[in-house]
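Following the hints, complete the assembly by docking chain B onto the known chain A.
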Amino acid sequence: MTLSVIVVYGFAVLATLGSWTYFRTRRIARPPFGVMNLSDVAIAMTGILLVPFLYLWLPLPVVVVLVAAITLSALQITLEPVIRGAVLWGLCATLLGLDLALGLVVSVKGPAFLVVNNLIVVIVVVGVANLWAQSGLRASHTALFAAALVVYDAVTTWSFTVTLDLFVKLTKAPLFPLVGWGLTRVSTSYLVGLGDLLFVALFPLVMRKAYGRTAGLCALVAGLAALGLVFALVLNDVIGHTIPAMVFLGPLIVAQYLYWRLARGGERSTRQYLRADPLPARTPTLVTAAEGGEQR
Amino acid sequence: MFINAIAAARFGMSMTLGRPFHRRSLDRLIEGMRAALEEFGEIRDDDNVLAGAALDPGTRRLVQGRRLRAQAVRALETPYYGRLFDRLGLDPGELTAESIATIPVTAKDTLREDPSAFVRRGGDPVHQCGTTGTTGRSTMIWLSDDELHLIASLSAITYFQSHMVRPDDRVLIAVSPRNRIAVHATAFAATAVGASVDVTGMVEPEAMLARLSAVQPIPGHKPRTSVLTAHPSYLAALVETAEALGRTPADFGLERVIVGGELLTTGLRRRAARLFGDAEILENYALTELVPFAAGRCERSHYHFEPATCLVEALDLDDGRPAAGGAPGTLVGTPLPPFRDTTVLLRYDTEDVVRLLDGPADCAMGNLPAVAELLGKRRHAVRHEHGWTFARPVAEALEALDAVPLPARYGMRATTGGVAVEAVVRSADAAARAKVEAALADRGVPLAGLRLVTDPDDLRSPLPLRCDLREGDFAARRALVPAGGPRP
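Residue numbers (the working numbering), protein chains in the order written: chain A, 1 to 296; chain B, 1 to 488.
Bound conformation, chain A alone (with noise of 0.2 angstroms):
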């Protein structure tokens, strides 16, 4: 078990630090669509209200083509920028791939399986919270997504079955939208939700926004010191082993934005940030040669 949470809490150390070096260094390819507004927190939320319910009413089958049609879509929007052309198509192909092949053919429990499938929902992580940062979400409004959330993990996980069935199901195939290790024996098993992780990375971007690199530093120590925190707790059986996280990250989200509002006042927009704190002289797209591809 300590061995599982210790790989668990590395993955998302890794997504965490991922999102934030990412955030610096690479412009994400934003929806030509505005901004990342109120009324999209609105929509995702009632994704994260449906989207369960859907996954336990689908064949499992079914489930494993629709994950895997998003997953592809998130590596290929994340690496787009870091790799371009046949590359970029080849390595997502490869990851996607040999996640099917280990998780059908090997196991979905075995370590081969879990390194890739972290590997790939890291990257995920890493490119749904630079693409909600880099589209404009706003501080407030991921604190309102976050106090939401409280709500539901709390409800579906304590008062429902609802996150144990969907995580007993998902696991039964690969491209399972978590991190975990140790899942051959039900003792040393431990997992945490692509949701999670992707608050634990998300909020420290929007923070670095709307109130410069102190809060979002803060804010990536608090996430990350929480999450450590929640499975210390599991470790040591003083909280059960089916945790609703974002019970603790939520709060925490909210408390540390109220914080900085009272502050600072109000947040600056991406225009006002980059002004602020211009991003360094952009990295080289790694391209080979040979493909004559576009050096951005």
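Any given hint might turn out to be false.
[Stated by the list, open to error] Pair ranges (Cβ atoms, derived):
#1 A:Gly47 x B:Glu42: 25 to 33 angstroms
#2 A:Leu217 x B:Thr266: 32 to 40 angstroms
#3 B:Gly12 x A:Pro280: 35 to 43 angstroms
#4 A:Leu60 x B:Thr191: 53 to 61 angstroms
#5 A:Val254 x B:Gln128: 52 to 60 angstroms
#6 A:Pro280 x B:Gln161: 44 to 52 angstroms
#7 A:Leu49 x B:Thr191: 53 to 61 angstroms
#8 B:Leu17 x A:Val254: 41 to 49 angstroms
#9 B:Gly12 x A:Val221: 52 to 60 angstroms
#10 B:Leu62 x A:Asp165: 48 to 56 angstroms
#11 A:Leu72 x B:Arg321: 53 to 61 angstroms
#12 A:Lys172 x B:Asp27: 20 to 28 angstroms
Bear in mind the hints are in silico, worked out from the structure with no lab data behind them. Just so it is clear, the structure is predicted and the values come from calculations on it, not from any experiment. For glycine and all other residues, C-beta sits at the position ideal for the given N, C-alpha and C.
Leaving out everything else, chain B in the frame of chain A:
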């Protein structure tokens, strides 16, 4: 963002299916652009979600043919085209872009005499909008409220994407308020971007110059007018008056001047640049009857049309057949669905003469249909024994000369051996005559008579200028009334 994506999809569906645009979706697209501008400080080129893929000429003709058929079927619901199709035995459902010539051209006078004959049954005509009437009386069209909103929304989207107007700008609209569509669309678009707007119409040039120079700090905007929209002749009047008053670029804060509705000459551009310093002069072409059809200029000075809004033809001035490359032709336009469904016009003769390109457009906007230049109104052109002389070469020749006060006021008529020109100059002496003759000759005008005057009232048949549609005010009026009040 998600809602804007749906709005963009609805816009695309309207374009594809020819269905009316969803008004709230247009509003959402504009709100999204405004939010993006405020958040990111820019609208990227790839944010242009409304621009469809550039079509090859063959596909474009197919798409336009389909939309032309749809519009011709709608035209059956108007009294004018219903009667016309009946008389000619035409089936509009069979029309193609190639067989469009079977529909007779709709003359400006026909529309002017009875605008209601072009209003579709089932339309919702609530806004009557007119031209300024430089070819005679004002020409009117009817629009629905949704159409007027669409026109204004498209202008706003253009402003967002072209950066023609920015959030901190102060826009002054100095076109005739009777040009209702232009005033409404510009004011709506500028405020949608976040700029402040001042609609003055064309007041006396001295008063306008004072307004342009005035420093009036208001939150979030530049201290002085930064964008002026005007007709070229009014811009010319401003330049002339400012030069007489000894004004310099330091007296103004103008950054962009948007002109349209008349010919903008190279001479006026040069003299305006001398007065307004680095201000960029942007020219566009649009006309009330074919709205929202419009053209913008590329780096090679071609006029490029957006083919989605209108099917454009250029017809030979003498035989009415399609004009040849490099030749002049009168612009004939058919507004296409879903842009217009109240006043329906098929093959409307704009009376604007253009010179066609001699080959493919080798410029950044080469994927859009284009013409080389605007030559002026056909009814202002002169047919003589050597061919046609248009307003453009005469105006270019005159406005290039400092001896000619701005705007150039002139008239022309056919005479034995070519064209007789009359023009206003500062001093009708031999030196001015020599300069004017040389300039006209340089522009290829077959001059067969020249009459120079110093008083515009001495011109026998001057071409009309929009700058003469001045807005009066009580101060100017009081100056005309004798002391003690008006006489009974």
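At the C-beta level, are glycine 47 (chain A) and glutamate 42 (chain B) separated by a distance inside 25 to 33 angstroms? With Cβ atoms ~30 angstroms apart, the hint holds.
Could you tell me whether the CB distance from glycine 12 (chain B) to valine 221 (chain A) stays inside 52 to 60 angstroms? With a Cβ separation near 45 angstroms, glycine 12 (chain B) and valine 221 (chain A) fall outside 52 to 60 angstroms, so the hint is violated.
Evaluate the given range 52 to 60 angstroms for the C-beta pair formed by valine 254 (chain A) and glutamine 128 (chain B). 56 angstroms, holds
Between leucine 217 (chain A) and threonine 266 (chain B), is the Cβ distance one that fits in 32 to 40 angstroms? Cβ of leucine 217 (chain A) to Cβ of threonine 266 (chain B): about 59 angstroms, so the range 32 to 40 angstroms is violated.
Between leucine 17 (chain B) and valine 254 (chain A), is the Cβ distance one that fits in 41 to 49 angstroms? Once the Cβ atoms are compared, 46 angstroms apart, the range 41 to 49 angstroms for valine 254 (chain A) and leucine 17 (chain B) holds.
Taking 44 to 52 angstroms as the stated bounds, is the beta-carbon spacing between proline 280 (chain A) and glutamine 161 (chain B) within them? 29 angstroms Cβ-Cβ, so the 44 to 52 angstroms window is violated.
For the hint 20 to 28 angstroms, verify it against the beta carbon of lysine 172 (chain A) and that of aspartate 27 (chain B). Given about 47 angstroms between the Cβ atoms, the range is violated.
Go ahead and decide if the range 53 to 61 angstroms is satisfied by the Cβ distance of leucine 72 (chain A) to arginine 321 (chain B). For leucine 72 (chain A) and arginine 321 (chain B) the Cβ distance comes to about 55 angstroms; the hint holds.
CB of leucine 60 (chain A) to CB of threonine 191 (chain B), is that within 53 to 61 angstroms? This hint holds: roughly 54 angstroms between Cβ atoms.
Take the C-beta atom of leucine 62 (chain B) and the C-beta atom of aspartate 165 (chain A), compute their distance, and say whether it sits inside 48 to 56 angstroms. Roughly 53 angstroms apart at Cβ, these two residues keep to the hinted range, so it holds.
How does the Cβ-Cβ distance of leucine 49 (chain A) and threonine 191 (chain B) compare with 53 to 61 angstroms: does it lie in that range? Violated: the Cβ-Cβ distance is about 38 angstroms, outside 53 to 61 angstroms.
How does the Cβ-Cβ distance of glycine 12 (chain B) and proline 280 (chain A) compare with 35 to 43 angstroms: does it lie in that range? 38 angstroms, holds
In the structure shown, a violation is registered for the earlier hints numbered 2, 6, 7, 9 and 12, in ascending order.
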